[in-house]
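Those protein sequence lines, which keep their order, are chains L and R. Per our numbering, the first sequence starts with residue 2, numbered consecutively. Per our numbering, the second sequence starts with residue -7, numbered consecutively.
Hints should not be assumed to be uniformly reliable.
In silico BS3-like links for lysine-lysine, alpha-carbon gap of 25 Å or less [stated by the list, open to error]: (1) L:Lys45 to R:Lys68; (2) L:Lys58 to L:Lys10; (3) R:Lys91 to R:Lys68; (4) L:Lys58 to R:Lys91; (5) R:Lys91 to R:Lys60; (6) R:Lys73 to R:Lys91.
Hint data in this document are derived by calculation from the structure and do not stem from the laboratory. This structure is a prediction, so every number in the text was calculated from the model and none was measured.
Below are the chains, spelled out letter by letter.
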Amino acid sequence: NAGVTQTPKFRILKIGQSMTLQCTQDMNHNYMYWYRQDPGMGLKLIYYSVGAGITDKGEVPNGYNVSRSTTEDFPLRLELAAPSQTSVYFCASSYLQGVGSYEQYFGPGTRLTVT
Amino acid sequence: GQNIDQPTEMTATEGAIVQINCTYQTSGFNGLFWYQQHAGEAPTFLSYNVLDGLEEKGRFSSFLSRSKGYSYLLLKELQMKDSASYLCAVSDRTDSWGKFQFGAGTQVVVTP
């Protein structure tokens, strides 16, 4: 059971380039999330998904796009990268059904620098 | 939405106790989580509170008062490995089930 995996671990982009951050989970979780974390700050929600085919915006969606064609995969697309998108990106998943704890499991993160 | 406040940094000695407070404002409280994050690593789940009271898990305990919009995480018998950032996260059912807002985190420094 690998949990939540993310690729790549590190990436340097030039301004205006595009890339896709990959995220896969093997826990059959229905919810998946993308966060960014700037130095010394908490996590800001970019997009989330409640199941295959359903996505919604979080607090900071501008400049990003997502899709959820399968339960397992939730890629994050950056179009026209800007220096303000330099951050650490975390993917997470959780399983929600009725009441009870629904903690999130996080991937190891992708460290992105845009120069 | 929610406002979540927690102290920026706390320092304590190995073997001591530290209490990290978290205050929040939310229109439809649906649960509060604590996560631990070591430098350069991903957050990992510590505790969950949805009803008032204390939840104990070994050296870590978490308390919730919904009427006061207040929680704390208590770390006992501090060890050097407890040096990390501790994130408070709140779920609001009026926003979206399963969606969270995180505080900025409290950096705990454990000294010998």
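Hint by hint, here is what the structure shows:
no. : hint               : in the structure
1   : L:Lys45 to R:Lys68 : violated, 29 Å
2   : L:Lys58 to L:Lys10 : holds, 24 Å
3   : R:Lys91 to R:Lys68 : violated, 30 Å
4   : L:Lys58 to R:Lys91 : holds, 11 Å
5   : R:Lys91 to R:Lys60 : holds, 22 Å
6   : R:Lys73 to R:Lys91 : violated, 30 Å
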